[in-house]
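The residues making up each chain are set out below.
Protein chains: 2
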Amino acid sequence: MEFRVTFSGSRRAARTLWFLILMSLCLFITVCRASSPQEEEDSAMQNIVTEKRAEESHRQDSADLLIFILLLTLTILTIWLFKHRRFRFLHETGLAMIYGLIVGVILRYAVHVPRDVGTASMGCFVNISPATLLVNISGKFYEYTLKGEISANLVNDVQDNEMLRKVTFDPEVFFNILLPPIIFHAGYSLKRRHFFRNMGSILAYAFVGTVISCFVIGLLMYGCVMLMKQFSQLGGDFFFTDCLFYGAIVSATDPVTVLAIFHELQVDADMYALLFGESVLNDAVAVVLSSSIVAYQPQGDNSHTFEVMALLKSFGMFLGVFSGSFSLGVATGVVTALISFFTKLRDFQLLETALFFLMSWSTFLLAEACGFTGVVAVLFCGITQAHYTFNNLSPESQDRTKQLFELLNFLAENFIFSYMGLTLFTFQNHIFNPMFIVGAFLAVFVGRAANIYPLSFLLNLGRRYKIRSNFQHMMMFAGLRGAMTFALSIRDTATFARQMMFSTNLLVVFFTVWVCGGGTTQMLSCQRIRVGVDSDQDNSMGLADGSERRSTKQESAWLFRIWYNFDHNYLKPILTHSGPPLTTTLPPCCGPVARLLTSPQAIENECQLKDDDSDLILTDGDINLSYGDITVSTDAMGAHTNSGRSFSGTATSDDLDRELAYGDHELVMRGTRLVLPMDDSEPPFSDSIRNLRM
Amino acid sequence: MEFRVTFSGSRRAARTLWFLILMSLCLFITVCRASSPQEEEDSAMQNIVTEKRAEESHRQDSADLLIFILLLTLTILTIWLFKHRRFRFLHETGLAMIYGLIVGVILRYAVHVPRDVGTASMGCFVNISPATLLVNISGKFYEYTLKGEISANLVNDVQDNEMLRKVTFDPEVFFNILLPPIIFHAGYSLKRRHFFRNMGSILAYAFVGTVISCFVIGLLMYGCVMLMKQFSQLGGDFFFTDCLFYGAIVSATDPVTVLAIFHELQVDADMYALLFGESVLNDAVAVVLSSSIVAYQPQGDNSHTFEVMALLKSFGMFLGVFSGSFSLGVATGVVTALISFFTKLRDFQLLETALFFLMSWSTFLLAEACGFTGVVAVLFCGITQAHYTFNNLSPESQDRTKQLFELLNFLAENFIFSYMGLTLFTFQNHIFNPMFIVGAFLAVFVGRAANIYPLSFLLNLGRRYKIRSNFQHMMMFAGLRGAMTFALSIRDTATFARQMMFSTNLLVVFFTVWVCGGGTTQMLSCQRIRVGVDSDQDNSMGLADGSERRSTKQESAWLFRIWYNFDHNYLKPILTHSGPPLTTTLPPCCGPVARLLTSPQAIENECQLKDDDSDLILTDGDINLSYGDITVSTDAMGAHTNSGRSFSGTATSDDLDRELAYGDHELVMRGTRLVLPMDDSEPPFSDSIRNLRM
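The listed protein sequences derive, respectively, from chains G and P. Just so you know, numbering that gives the first Met the number 0 puts 151 at position 152 of the first sequence, and the rest follows in order with no gaps. Just so you know, numbering that gives the first Met the number 0 puts 193 at position 194 of the second sequence, and the rest follows in order with no gaps.
Wrong hints could be hidden among the right ones.
If several chains are the same, the list does not tell them apart, and a pair holds so long as it fits within one copy or across any two.
As the list claims (entries may be wrong) - Keeping only pairs whose Cα atoms sit at most 20 Å apart, straight-line, the calculated EDC-like set for lysine to aspartate or glutamate is: (1) K312 / D566; (2) K82 / D236; (3) K401 / D63; (4) K401 / D346; (5) K312 / D346; (6) K343 / E263; (7) K228 / E55; (8) K465 / D60; (9) K465 / E55; (10) K82 / E55; (11) K465 / D566; (12) K401 / E55; (13) K465 / E171; (14) K401 / E263; (15) K51 / E171; (16) K343 / D60; (17) K82 / E395; (18) K343 / D169; (19) K51 / D169; (20) K465 / E306; (21) K343 / E54.
Just so you know, these hints were derived from the structure itself, not from any lab.
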């Protein structure tokens, strides 16, 4: 009863607030747009004019940014309302786009700003465009920096639409500021257990699938463009490489919208892992693929013929950039793990969090500085951080880093999507070609189908537990396009072909996010995919019914068993506090090296366990004693238990299976010779440990 | 014994790591500086050249930023080492400056970059400098944006020192990106109890003191400049307004260094509050003061004569900008409080934190867009958020927001200080004038003395509990200059006078941070100021011995008693969930209004308390039952208790005193008619409540 009262009270209040903010936003836009240029310079002094203009420009920039902040605020409030009422047909990103659209319309049609006097046109007789220009204006030198090329027919527009161009961000902002936190967060929050169990399939979908999708879409679009030429519907050049490029950028699926709903509904964990893993890696592949296609530059006069050397060069570049970004990302992750391993930074959570943040950021910058792809590096850095560094962090820092990147991800994502909406109206060079758009939608659909169904068929030949057809349909349906496609499209809109791609991609994103994103819940129930599954409880259902979970190991093991053993026996002990001491895993001949590399803490743990095993063994009735030397550690803070776990001795295949199965529990086991029974039906300790911890 | 082993192990490892990173940083700088321009364009195509140059520039930017990130990483590791060994002679900011200096030296002297070909000089016959320049280069249009004016004698240097100028950030970055989180954090973490208790004195020091300091320094510097003119040591114009401007920017004291040490050593809370409050508000006053001085523009030909109208205009501007920024800051804080009050956003911590962050940021942007001072608005927004919004946040969001701004503050602060070190060598237009520097140090010293001692004397006339002489000496000593002085100095370095100010201020900051900051511990023990004081336990000591705490109320009450009552009875209930229901505080005639504005939760709380008081009263033996209807609430999360507190009924002066005294405890009291005994010796419940909560 009381809840009811509060609810309706807060409902009414929220609605009021909501409209109030919307109105104030509109008003604000109008006011700050209209008022700012009114301050005319009344003083003749040169300096004051310049100063005033700089101030004016700064105020204008602040106002522009403020529009976006208010947009985000509005989105947050509406999201809350939706969540509050469990309204799932429109995801927050879809909502952000709608608000963006509304503000775009207002900016475009409702606000008129007087012509800006601060733009001058001048001729110049140098033959390349310098990056920096020093202009001698009546005896004083001013420095100008190159902003970009403007196509000749738009020169007059430029001056008229100064205002619209002002709310248009530098496209590199998306790639260098907004995308990295999103991608890092995706890597950092990858559900490790299910990800590794389905690693083979995920890699197949991400690599082979994206390439298939890219070429299928590219070919279809080339056909479409040829057709358009026949009907003289094409207003400019559109080469085959452009088609392939389009195929690459539109093949990047977005992990955001569908997965948010999956997460909320607790959809089958394997389904979740397949889709999430695919769309995360997918992005990385698409980025590198598109830059390789751009790099395809045959020698000679006609730069759009086919040439084997150039193709090989592009392919080499793909491999080089991808592996380079991969190694850089992993390397920084490992360095961070080592730093947090060797220092006692965990006593100072602020320093620890700051270090973690800075190291992750530096991955991006390092990759960019080396000519690799920062976004890809950041993804693998995130995965490495989650796998190693996370175990060395103090519990507070684990929370802090998670929350920090969650927040950054949330803000960046909603910003991108609301900007997407805005840009539909404020972007100057839209080229909407109906034929191209229809072709693109068709191609995207066919490309996705050519990725999922044949690959699933092939994978099912190898998989013991098949990816069933309802899963395949769901994956087909869930191929939304989002932030990555947008960022890749807006990065370069100089030529006719790129402008048409950009406009078309905007529509593809809108459609998939609204229609496919909005229909996720329906599709899930229509395909009878189980929801409300506790991912810790469920281990094999959904892939094939009635099979025993243990055997899933076989399914994934061929791919990474060797890596897993190596990781567990050598990497984890070297990089984290959670592995078994190296002295027990390395062959005896490497004794001194092992002793050098093993952390005092690991040795200490082992000694402690040997000395007073009986003290540390949990003998609570709920826990089956045959589980052996399990110790639960509560650290200095008392409140938290570490989520890292360790087994000493050589990892057996049972360990592997079990670690994958229980990797997500908040439970530290610093045991030696962990002997687990062969019964795999239910994770046995999670509940009892929870009981213990109250 | 075990600790010893770990310690020395980690010590060795840390040392190794440390040098490794330092070396790699140097190497990295050299490599990425030297290698990047080597990639010469081998293709003649215009587009590729432009694209390559853009890419090159992007890579260079990434590398530059990476230098700073690595610098910060290095600083963090060293800070950890210092903290680990309890080494307090060098604060992290001092350390960041040292590393900045080292990198600056390397960049300046060890790295040589070939002349950049991308800069062209051209003449132009327009008579004002346009903000945007369209240049027609062999038929293509390129857009250039104005970066700034370059003095004529440096035009040739510009091209040579491209590299050094590249690591030089746009000065507005400090004001618009780095300073706001620092200032917001200061406001958000203001210790409310002691701040309010000493509000009169703090305001006096901050407003009157800063103005005194500004004018004393300005006059002394004017004398110094006159003297320099006599000895023909002055190489350019230096007007009286410049002197005053210098006085204003150098009067901003920095809350960072000394207070970090104070906090660590748990120095007397009143001392802490006085210094912290002063230096926080001080910054705001200095910003507005300096911009008012810049705005002093007498009409007529000679713009540096004295004119009453211009002075009044400046004074009006000071009042206008300050009060405008203040109201904006408070308004956004209140709006945030209202939003979090009326919505049930606390169920979704991510949304709540994001909203909090965005609203706080929008304060800054809004103030800037309106022509007020964003930094000042952000400060008051922070204080308001801490006072109202914080009470409406869920416990998780309280932690999250605190941690988020703590992190941002930490990063921004260390970035600024390491940049300060760097800029000593990389800044192009340093003018070090020995006479001016000596004069400035003297003036800063005298100005600080003229602020602290006379004001303390006057304040002591009014204060019942005197600010003793050792406190005065400590405040005198603790007047460090830091981030704000730097940001104000670097903002405009166009003229001779400004360049000399900037160079001198750098030295002032270095000196005060290293010498005064480093000597804080010595000074504290030399002045016999108590350390290791639990601020919750100690209430009046240090101001005057042997007095009873209760009476401190009288000392501060005259200033804000009315405000306090208003706040407690009306604002808190309207804006937060923690006040008494309005129905009890408003006069009966306002019944309907009160019922409308009172949150259901507050009414609910009250009903609950009336219905089943007995259930909620703590009857633990440790708590004196005469304390009445105290209820301890643990919320849904179980782990946390809210830090907001409430008393119902009209606030009495005892309430006031007590709220100030116990405001920091993690304890919720939603009681009615809280009757506390008159004994004020020790806060009685904090310990027992803690016992209760284990």
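Each hint, compared with the structure:
| no. | hint | result |
| --- | --- | --- |
| 1 | K312 / D566 | neither (34 Å within a copy, 71 Å between copies) |
| 2 | K82 / D236 | neither (47 Å within a copy, 63 Å between copies) |
| 3 | K401 / D63 | neither (30 Å within a copy, 28 Å between copies) |
| 4 | K401 / D346 | both (18 Å within a copy, 18 Å between copies) |
| 5 | K312 / D346 | neither (50 Å within a copy, 54 Å between copies) |
| 6 | K343 / E263 | between (37 Å within a copy, 19 Å between copies) |
| 7 | K228 / E55 | neither (48 Å within a copy, 37 Å between copies) |
| 8 | K465 / D60 | neither (54 Å within a copy, 49 Å between copies) |
| 9 | K465 / E55 | neither (63 Å within a copy, 48 Å between copies) |
| 10 | K82 / E55 | neither (40 Å within a copy, 45 Å between copies) |
| 11 | K465 / D566 | neither (28 Å within a copy, 66 Å between copies) |
| 12 | K401 / E55 | neither (39 Å within a copy, 34 Å between copies) |
| 13 | K465 / E171 | neither (42 Å within a copy, 58 Å between copies) |
| 14 | K401 / E263 | within (18 Å within a copy, 27 Å between copies) |
| 15 | K51 / E171 | between (28 Å within a copy, 15 Å between copies) |
| 16 | K343 / D60 | neither (43 Å within a copy, 33 Å between copies) |
| 17 | K82 / E395 | between (28 Å within a copy, 18 Å between copies) |
| 18 | K343 / D169 | neither (41 Å within a copy, 37 Å between copies) |
| 19 | K51 / D169 | between (24 Å within a copy, 17 Å between copies) |
| 20 | K465 / E306 | neither (41 Å within a copy, 87 Å between copies) |
| 21 | K343 / E54 | neither (47 Å within a copy, 40 Å between copies) |
Violated hints, in rising order: 1, 2, 3, 5, 7, 8, 9, 10, 11, 12, 13, 16, 18, 20 and 21; the structure is consistent with all others.
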